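Peer 1: As a plain string of letters, each chain reads:
There are 4 protein chains.
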Amino acid sequence: MKIEMLPREKVFRDPVHNYIPVRERVILDLINSPEMQRLRRIKQLGVANTVFQGAEHTRFTHSLGVYNIAREICDNFQQDYPTKTPGDGLWDDSERLVTLCAALLHDIGHGAYSHTFEHIFHTDHEAITRQILTDPSTTVNAILRGVSPEFPAQVASVIDHSYPNPQVVQMISSQIDADRMDYLLRDAYHTGTNYGLFDLTRILRVMRPYAGGIAFNPSGMHAVEDYIVSRFQMYQQIYFHPVSRGMEVVLTGILQRAKELYEDGKFTEDEKPRLLLPFFEGKFDLADYLALDDGVMTTYFHYWMKSTDHVLADMSARFLDRRPLKSAQFNHSTAHLLPAMAKIVDEAGFDSRYYTAKNSSYDLPYDQYDPTSATPKTQIEIMERDNTLEELSTLSPLVKAITGKVTGDERFYFPKVMLTSPDSPDFKPEYGKFQRYLAAGSVIDPAIYGK
Amino acid sequence: MKIEMLPREKVFRDPVHNYIPVRERVILDLINSPEMQRLRRIKQLGVANTVFQGAEHTRFTHSLGVYNIAREICDNFQQDYPTKTPGDGLWDDSERLVTLCAALLHDIGHGAYSHTFEHIFHTDHEAITRQILTDPSTTVNAILRGVSPEFPAQVASVIDHSYPNPQVVQMISSQIDADRMDYLLRDAYHTGTNYGLFDLTRILRVMRPYAGGIAFNPSGMHAVEDYIVSRFQMYQQIYFHPVSRGMEVVLTGILQRAKELYEDGKFTEDEKPRLLLPFFEGKFDLADYLALDDGVMTTYFHYWMKSTDHVLADMSARFLDRRPLKSAQFNHSTAHLLPAMAKIVDEAGFDSRYYTAKNSSYDLPYDQYDPTSATPKTQIEIMERDNTLEELSTLSPLVKAITGKVTGDERFYFPKVMLTSPDSPDFKPEYGKFQRYLAAGSVIDPAIYGK
Amino acid sequence: MKIEMLPREKVFRDPVHNYIPVRERVILDLINSPEMQRLRRIKQLGVANTVFQGAEHTRFTHSLGVYNIAREICDNFQQDYPTKTPGDGLWDDSERLVTLCAALLHDIGHGAYSHTFEHIFHTDHEAITRQILTDPSTTVNAILRGVSPEFPAQVASVIDHSYPNPQVVQMISSQIDADRMDYLLRDAYHTGTNYGLFDLTRILRVMRPYAGGIAFNPSGMHAVEDYIVSRFQMYQQIYFHPVSRGMEVVLTGILQRAKELYEDGKFTEDEKPRLLLPFFEGKFDLADYLALDDGVMTTYFHYWMKSTDHVLADMSARFLDRRPLKSAQFNHSTAHLLPAMAKIVDEAGFDSRYYTAKNSSYDLPYDQYDPTSATPKTQIEIMERDNTLEELSTLSPLVKAITGKVTGDERFYFPKVMLTSPDSPDFKPEYGKFQRYLAAGSVIDPAIYGK
Amino acid sequence: MKIEMLPREKVFRDPVHNYIPVRERVILDLINSPEMQRLRRIKQLGVANTVFQGAEHTRFTHSLGVYNIAREICDNFQQDYPTKTPGDGLWDDSERLVTLCAALLHDIGHGAYSHTFEHIFHTDHEAITRQILTDPSTTVNAILRGVSPEFPAQVASVIDHSYPNPQVVQMISSQIDADRMDYLLRDAYHTGTNYGLFDLTRILRVMRPYAGGIAFNPSGMHAVEDYIVSRFQMYQQIYFHPVSRGMEVVLTGILQRAKELYEDGKFTEDEKPRLLLPFFEGKFDLADYLALDDGVMTTYFHYWMKSTDHVLADMSARFLDRRPLKSAQFNHSTAHLLPAMAKIVDEAGFDSRYYTAKNSSYDLPYDQYDPTSATPKTQIEIMERDNTLEELSTLSPLVKAITGKVTGDERFYFPKVMLTSPDSPDFKPEYGKFQRYLAAGSVIDPAIYGK
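Chains as they are written, first to last, in the numbering used here: chain W, 280 to 730; chain L, 280 to 730; chain S, 280 to 730; chain Z, 280 to 730.
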């Protein structure tokens, strides 16, 4: 493996990490690759800027941030815990480069509005990440191959967790990894909230490698606790915000409708989304995928705003003009009412296939390792002075309170006009009928509450 | 004039101002208008994010910020300096709404990469701003008309400086106005630099209305001084950065080339930029203009990357992949060398009409009022306790140092490959010839310096 | 009641609140009173600066901060919830002044290193606060009397919770009051930690008066939750820090020993602490108390460093030179071992009456109202849109996790030399004997663990 | 020279630098020495907290901050510019320890309210610094001697500029040194102003050693410029504030009067300031000096508040209760009026020897090297790529504007009561007479302006 250093360190100015230094030429070349630059055109938080207006940052700056945190961890490990003999559980700095590359590239396969897009077009950003790394057609692959023929697959294996050294894997992907630490701080910075703040410097100082992966010195227990609490609060406050989800529902409606129109051969020439056609047709290649970004999507929404298909035109305008669907919470005991509500929405003139939706947002903020779980988590370990490990939630009552508990909610989405007040001149009887199913922001059974 | 207040104040979370409150329904409706929402898709600093990666914020958040500063000034004026008798030079709160609307809408006519776009397509964002405000086809106009039939024109007159009350005009547009104060703070926040920081709270506290406009209490002199110095430094450090300008030169090349290809009838069907055609044809209407945003531009660059025209394809890829042209400073004594340099660039295989450019960035950071100037500035006045006015630069040696002095530079742009080292296997003789014209980042005369 | 306004608002620059404005002359006069200025000489966090070096701020700046938060709450209440008819549960702005005065003066009776001092000399800062407010000898009393003859007692009654309006009382003293909100933010700022940060602006925006006191709008639930978690973390991380407590133990030893020497008539003339004598004699008046501050205490420690009494001299030097006692955690099952440990400390040459101590730090971070409790807490209420109240912990799993749970620990303190390593040339057998009682920072039973 | 490293890095939490790491045992021992701990009891900005209330930080935290900046510079130099051959002008890391010690100890000789105290008692904090380092009686000396017998003198020579390597000297003392960089940032943090902010990280990155000392890479020119401007603004805004100086005048009056009373044998037993007597007697030793701190001074002011000497009692109370003298600006053309003004102050019942004073505050924010100057400055050099040096002011118009220009003012101080309004019941004819000499905050000649 040959690692060329830059003649002079290069720095990127970053609002979260201040300066991000780069010393290896491979890293600089990767940053300058078309596949990475493309991430400048994909917002990190999708539609969340429609609620938290400052959230306009992209996956590009996040990716550099993750690289930077991983770099600091490697630097610290090499300074404080360098390996002496193979298998001693300390840090082997020959794994630095694969770590940094994986950190930088971990999101390279993300597309515009990934979650929604994948749902409709059955793409898979994880598979595409692997492809970008390993397919000889990409610049990223060429750069990685320059290190060694096996290097692209090695980097990919870190990202998909199959890399043998758990220290490297956990640095990139675990319950407290460079990815999450960067996005919490960055999303907090750009949304202007302070829920996501925690003491990154301290956490980095107390991380330490051991044979089983990464553990934390006891003096940093509270900083780790604070990180978990911050993460919990960011999900509650930012990532699960009902209004962003109302925008995502609109987006789903647009793509769903467009796909159907295409399949029915109803797109006019003027509506044809040239760069999306491979996806409508279900036969896209990597180059097609890499041509997509947020701007491509909204450009075609401009086209579709003028469609003769009313649903497509209206939904596209709603997205561009930021008019989210409204919502009410429901649960297992009220879910059976949703078909009746959707029917009223139909009666009011909105095709409920597009204008109503169920949307759930759930997260497991922290969990202990559970071998019986579908996706067992690598729990957070505090390493005591005698080198015994204690799982975080046994030490922190705050963390214990949220350990293993799924949080989130389920919401039913519908057009805002359904909430028109009976006092309004635009009121329709269907709206009144619909409103009988709602109280205090939740779906209720009108038969029981007799409104 | 009827002003409807919201039943409950609405707040927007903002990273710069924390919370931005809205109390008037007109303001909320304007924020929600399609013309304003469109600004979410136009970056405030154009291509500057390619240098300062955090600079991904849009004209939308800036516009709300300007509104918010103007709102605070109005609130302060009404609390501390309410008019008692007409013409007493104090604040008349009946001008609050026109002020707030002008603040919010002052950038509404901006387009994607405005500066470059206007240069090629001869659009004029100031004229379009007026049109958006006054043309009955827009939602903004409908909302403003709801206040009174004359209101749209009044708001427009604040923005074009013809409104009678200089207090209102200066709040939106002067050497220390809500617009500049917001963008300095916001650009500093997102670039992660602190050059743009100054004490906004203090400046707002010491502003005061008088018959001639807005003056400042002496206790705030140093805060105002600090603002001027910050502004100077932001121009030097951020706005004039040679690399951003190298991206703008690429952009100019793309649009120029595309326009020529269109005019020569050489666009294939696949290359046709549907939403840009009205501009190529020189006959666009307001709706055409309002359909443009950053994403529309880059979408067509994706199309053009695959053009059979090599210049268009290459320049488009340079833009998307962030490969700016490089530059060297020149001045009046070296400007005559540029044609020779351009010729060498041609010889090296790059059409110098697109691959070379002169680019100047100049700014006048602060000036006194000069009636003989082409654009006389409203100077900054400190109002002493005896109500006499003193112009800022007479009190501040720092401000005096930069008053009336144009700062900036002129640069000559060319492809980076021209700088290839003679040691490189890819070196060509033309590169060597070209490099004889360069020393220490500036253009020199090889005949004199004899390299 | 006559309230004179200042001709021009006066502002105090503050690192936490930026600008603190004062409009009422009474407030300005109180700030300028000798009793308030004295608080500039008393550190807010006592000895905590010996651990968190930036914690050098005083009770003076905190007091202005509490005033400022109370002022903002009053301003918000008056703007959004002004009373219309007596008894409507809304805000009556005629209570503004009593609120502001109580906020400003709530800590006026605090002395130097209050906690320890009170313990030894049986002073009571709450009683002294009342006395400073109501005794005609003080400047504070004269200023308050200028408002009305009853005003001093009214302000005092807010501070001791007997004031009739619960809105006023809760603003100054409750589980989420101006006092705590200021000290969490201020202590976080000066210690340089971010545990204490929460969204003050948001909390102030969602506070609202009701007949039973103060409640919070549901949109601020998460901000309130975040405040409770911050408070919990500050206690864990800052206020309970074992090293600060080790300095407090030293302080207790000094004062205890000095008192005994005085009572035994063993103070030489050179050691006599003129300003402390009234306290040694147990007959001090208010003027004596007001002459005490941090500097007075340490000045006499300088005297005592040269005492012929070895304990007094040594302990005084330990305090001035920052040499805290060390500690180990103990609990109910190991408490019985402490006498044996103290005995070994005696054998090693340290009088265990001064050189050992038990120290507990406990806090109840949040609790629901419990009428059977000794000190029932005013619980935090979220007011739903239908005006029903819900107690915070029923809505927040994080808060529920810490509700009603006392947190803290008990520690046994002893001289650091007892931990000398057996490898050291200065090792003594007593140290070894002592160390058998310790493992991993806790007291253990050597009979059981057989070390 | 033997340098023992700590088994594990120790960190100090600091609000300005976040974490300050210590790796050498010598540094930790010095921090823990009584002479350093004493600096915890001496405020960095003396009386400035009476104007900027947050400015309660001490010389101790500043000293650690200077150490930390010097440490970062050494780390950077060793990484980027390690010497290869003696005399190559690069960094020789064997000078790290002497640099760090000098940085940490540079202020060790400062006393309480140094400036005023030195003026009255003819102490010299620079001489005392040298003594603390080199006198065998101190703990600091013992620790330094532990490194090598010559080490104490070496550290002292860095502080007094006689150390041979200019890199080391300039790091601690030059126009842009660790000392100034820390105090600007720290004073800005604690006063809550942002004038003192500059980009420390960037400046540290562009510093580089050369044979003549320390230079800066051109890419950091603007950061250095920003530092100079910040420094200029902090002097104008904070350090020269007229009200702080009014407190210093009070302090001078107290000490002057007390000294005279002592010399006249008029101190009663109750007034005797035991720890100050050696200074009154003019024969103090190092131990006497080290027993002084802010608290000792104010303790004796408590004593003196009750003096039968009215001047001493009144001035002491003014200091403790924060009642500064007021002031007016004067200049060379009005200086001749001051005796007449002082005479009126005498007539009004205030002994003008104590109750009036002239006070000048001057600073030279930046200057070029001038061999003819009394104290030639080491100018700031930008090292171009070809290794030529350019002096900062030739590159920066902002710096040029303030280069070589002394800024500041001269003020005449007097009791506030002299400004009593003629409308007041407490008005006296002397006040009116006095006020004829004042206009708009300046001294004027009533004979000319004829008020």
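Everything labelled a hint here was simulated from the structure, so no lab data went into it. Treat the numbers as computed from the prediction; the structure is a model and nothing was measured. Wrong hints could be hidden among the right ones.
What the hints assert, rightly or not - DSS-like mimics (lysine-lysine), calculated; alpha carbons at most 30 angstroms apart, straight line:
{"hint": "1", "chain 1": "W", "residue 1": "LYS695", "chain 2": "W", "residue 2": "LYS585"}
{"hint": "2", "chain 1": "S", "residue 1": "LYS289", "chain 2": "Z", "residue 2": "LYS322"}
{"hint": "3", "chain 1": "Z", "residue 1": "LYS707", "chain 2": "S", "residue 2": "LYS605"}
{"hint": "4", "chain 1": "S", "residue 1": "LYS538", "chain 2": "Z", "residue 2": "LYS289"}
Peer 1: Please go over all the hints and tell whether each is borne out by the structure.
Peer 2: To see whether the hints hold, each was checked on the structure:
1. Under the criterion of a C-alpha separation no larger than 30 angstroms, the hint pairing LYS695/W with LYS585/W is consistent with the structure, at around 22 angstroms.
2. Proposed proximity of LYS289/S and LYS322/Z is supported: the alpha carbons are some 26 angstroms apart, at most 30 angstroms.
3. Pair hint LYS707/Z plus LYS605/S does not hold up; C-alpha atoms about 63 angstroms apart against a cutoff of 30 angstroms.
4. For the given pair, LYS538/S sits about 37 angstroms from LYS289/Z by alpha-carbon distance, which is inconsistent with the 30 angstroms threshold.
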